[in-house]
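We have chain A already, so just place chain B on it with the hints.
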Amino acid sequence: MRSLLRLTVYIRRYAWTFGLSIAGILLARIVEGMIPIFVKQGIDAISSGRADLGENAIDFATASAALVYPAIAICLCVLVQMSVTIAYRIAMRRIGVNASYDLRNRLYKHLQLQGLQFYSQYSIGDLMARAINDINLCREIIASAIRMTLILITTAIVGMSFMFSLSVELTVAVLLPLPIIGYVAYRFSTRIYRQSYLVQEGFSRLSTFVQENLNGIRTVQSMAQEDREISRFSDVNVDFAKRNLSLFTTTSFLGALMPILAASSTLIIIVYGSILVQDGAITIGTFAAFFSYLGLLLWPVREAGSLVTQWQRGASGTTRLFEILDYEPEIQDQPTGPFPETTGRVSIRDLSYEYEDKGKYALKNVSFDVEPGETIAILGRVGSGKSTLLRLFVRLLDPTSGQILLDGHPISGFPLAVLRERVCLVLQDPFLFADSLGDNIAYDDPNREHQEILQIAHAAALEETIEGFADGLDTILGERGVTLSGGQKQRTALARGLVRRSPILILDDCFSAVDTQTEELILSGLKQVRSNATTLLVSHRVSTARHADRILVLEKGSIIEIGSHDELLAADGFYANLERAQRHSVHAKSAEDGA
Amino acid sequence: MNTPNSSADSAAEGKKLDHSIFDADIQGQAMNMLYLKRILGWIRPHRKLAAASILLVLGASTLAILLPVIISRVVIDGIIFGSPDALMPDFGMNALTSWLANLTGWQGLASACVLYALFTIACHGLYHFHRVSFARTVLHSLADMRLDLFTHMERRPASFYDRVAVGRVMTRITNDVQAMFELLMGLGMLIGEFVPFFLALFIMLAIDTKLTLYLLGAIPVFALITYFFRQATRRVYRLIRNTLSQLNQNLQENLSGMQVVQLSNREEHNLQVYGDINETNLKQERYAISLESSYGAFMDNMVNVALAVIIWIGGGAALQSQVSLGSVILFTQFIDMFIRPIRVLGQQYNVLFRAMASAERIFQALDWLESVSEPAQPVALPSRLHGKLEFKRLSFGYEPAEPILHDVSFTIEPGEKLAVVGPTGSGKSTLIRLLGRFYNFPDQSIYLDGIDLNLINSSDLRRRVGVVMQDFHIFSGSILDNISLGNPAITRDKAIAAAQSVHADAFIEALPEGYDTPLVERGQNLSQGERQLLAFARVLASDPEILILDEATASIDTETEQLIQSALKTIMVNRTSILIAHRLQTIQEADRILVLKNGRVKELGTHAELMANRDVYYTLNQLQFQDVTLKTEG
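Keeping their order, the protein sequence lines are chains A and B. Residue 198 in numbering that gives the first Met the number 0 sits at position 199 of the first sequence; the count goes up by one each step and never skips. Residue 88 in numbering that gives the first Met the number 0 sits at position 89 of the second sequence; the count goes up by one each step and never skips.
So that you can see chain A by itself, here it is in the shape it has in the complex:
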């Protein structure tokens, strides 16, 4: 519940509006409570008029005249209540949407600051759920729960005051059953909340099943599993219908039980009220007014339970949301040092990266230097620390100890934006946005010239791809547009990196789906385009690595070999073995067959 207090910031901004709204709620309730009084006066006027007149009827004009005052008064009350209600409803709901607007922007901004650790901890589905549902819950707290609670309290107080002022003994009698009604409503509302959760869960089971099934439709059909899948779906489907029905039955039962319980209060008015009328203790108008007040009071009694659950849900939503908003970004952008021009000279000093679970190192005491314009190939098994090393260069991760220096200046001193402009990392997974091909290439700066993009596309061997599309660079990618092949995706991602013309380019195994010929074509093209730039690239292929100035072999987070192709062959270590294996396996079979 404490987390709800965090929302007060979003209300305090509109303190005046909020305060006026509360006053409005109170005013509306008082006016609302006055209406039955005027109805009572009207009814009393009629009954006393009839009593006075006996059996002699009066003409319509005179009769109506006696009722003009209550009728006008009711109309005035209605008018005041209506305008005040409109005003405070608009005001409070607007505070609510303003809050959700602010929260969305705040969350978006905050999510952009988060690093890899955060994203390994929270799945995208989870974050989306928080962004959609939990912000909605916060908004509902501000826009609705607060308002309803205030209305509920004021209605109860004002309604009871009016009733007591009319007849103390009848009021006490009428109120007797209300606590029971309130208790029943509360018990049911928790049950309804539980059941509606089950319905939602059933729906998401249904969705998950359908999604899974459709994603695997090819397997389903090739294994001739359609009938089995349909019968499995039928189970989930029937289960969902059942859950829905039990929720609906409970809701409907509560809907029937409430008026039946409320009838006990009505009966009290009928019995005790008519005795009081006949005794002359109350007028027939008061008798009628009590029916109206009972109607007013029953509403808060009935709603209190569901309001409690709304507050509870709101509280847990706020907690979930602020858990994210309080998460301190692991990468801090606090530039301290100088950041003169980068020539491409890189020094790595005793670099170590320790995993969350202490004692396991992805990198341990790695040191090496790279000269400007040099190309370094990094080889190593899966899990040898290659990707971690590359991520440290652009501060997607921060090292546990050690430093990376650009021209002698530690990268932690650079503003993040500057660092990532000078050191460009192309990731292994070629993520593309559902945007045009051109916008995907010029992702860092949407204002790039068409010509420049084409030139880069050429360097990334994308020309044929672009020419193959009728819309060229304007071709939309993704679900609503064309789907690129794995190789085309990788080359687009590569172009996205190349377009930045950074002095240091880092390629994380981004040719895996590109055939060797094209890869060599791109790499030799790169040498020409970026003659002075430093390049680091991860590869599994000896054929790629051999073109690098130096080759660095990582094993379990440490450098085990470093040197040129020829040097490493001469050293007869990991690299030489690898080279033999790759050459050997190509020729193995032919040798066997030849024998």
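Calculated from the structure, these hints are not laboratory results. Wrong hints could be hidden among the right ones.
[Said to hold, decoys possible] List of simulated lysine to any residue pairs, SDA-like, C-alpha gap at most 20 Å:
#	chain 1	residue 1	chain 2	residue 2
1	B	493	B	572
2	B	596	A	514
3	A	108	B	276
Remember, it's a predicted structure, so these values are computed and weren't measured experimentally.
Here is chain B on its own, set in the frame of chain A:
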């Protein structure tokens, strides 16, 4: 030779299907009676329950009308004033009370109270059973509809799923059917509101025609205001839904590509774009709030205005003794029943339009008849095939204008292992997909043991052709379920034996519940290599005569790689096998190698023969095949 397909050729083949229709947004459909009629088709099997539900609401409404009559006519006029207006109808309530009073010996008031209590319980009880029976009708009908829809989609061919987004199909089965639920429940609510409305109207007319007509005059005004208000909100809510889904899409995409965003320094620009949509959404929301709040408060208070009218006019009439006081109070009690139907109708207005769009999507899917043509007289397959495959001048393209395979002819002998290699886009995957008859291709192109493939039922054929694809699908269920796939012939022992033969038992036994370990969506609790082994176990257990393998390209650690290669040998024993190979080791397992390039057979022969040719295969061998993953020892 007969031509199996000539009659079965679907219209789908004649005209080109536009799959983009399937992905298009459908919004704000107008009322369509045809759709309603079709929806009723699902309700028909449950019509008895529906009829019972309507009878119940009639009974409940009648009682609901009589409750205020008891208070106003019996208690106020009859008991308090002691002068029931003889001219005014009381629907036998006075007589019933006095009968009850005589019977029990209680006073009129006490018997009226008993009557009131009984009526209240009966009335709300009946309403409850009405609602529940109606909900049951709707839920059962829609469960049927959803199952029909799922069944229909489950049988659409690969050519359909190649072109439409899975998400679009999914929302039809989930959300659009859910919109039908809202629609039908809304209609049920309308019945529950309009029956008492007409009963109340009838009684009010009987009591005071003039006053009732005054009040009736207000209804068109309410209706008109409601109509215009709903028109306006419909527009703005549609805009809001749009901006909301844009916001969600933007966030989702941004989260998925967060590393790229950060590396490209796009944070500020993206926040700007998001913020702009967010602001548009805010403006729309604020507008919607003004509309909704004004209308809501207006309608709430109109009840009170009507009350004032009743007291003024009706009260005047009562003073003139034209009507009894009880009648006036009765009117005040009925007023709610009078106005509610319009409000409810207004609430249902938006639901109706959204539901119509959903209905259109559902029927569009159900009417989508694209399918693989099945032979009119399928050939019954022998219990065991030899496994001889012949391709005779096969030409094929997904689009007739863009052929993928040209004039492909070759023969695979029973038990032979053929590796298919070729650059990306050479038609390898298409070739193996045709073997499962996932697409329509010309007759007399492919023969299995001398039978034209088009003469075999696709489901019969698929039982004989075991396919291991790259994106191997895991069904939620236990490991054992995933091996046996519900086939009763595959006992637990057989499944375990299959897993053991492909070396999958080691990792399975290591799982917390062994073979009964439940697998989650997409098999995320298994590694790539483990999934591959499981796929092998599945194929081995189902024991098909033909094996097709599209080898995974992903790199897998060395140990698992060795297991996979060894398992592959096991499952190919005594099976005609076609392997789309990416790894040298796999290619080396094959008897012959088929080289495809641009959809044509370039080379066919043993490894040694093709290496000697020094042509396409030779070059591919040098450059393209995945080398065995890094080995320390060469």
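Do the hints match the structure? See the list:
1. Of the pairs offered as hints, the one joining residue 493 of chain B and residue 572 of chain B holds, with about 17 Å between alpha carbons and a cut-off of 20 Å not exceeded.
2. Of the pairs offered as hints, the one joining residue 596 of chain B and residue 514 of chain A holds, with about 15 Å between alpha carbons and a cut-off of 20 Å not exceeded.
3. Our distance criterion of 20 Å between C-alpha atoms is met by residue 108 of chain A and residue 276 of chain B, whose separation comes to about 14 Å.
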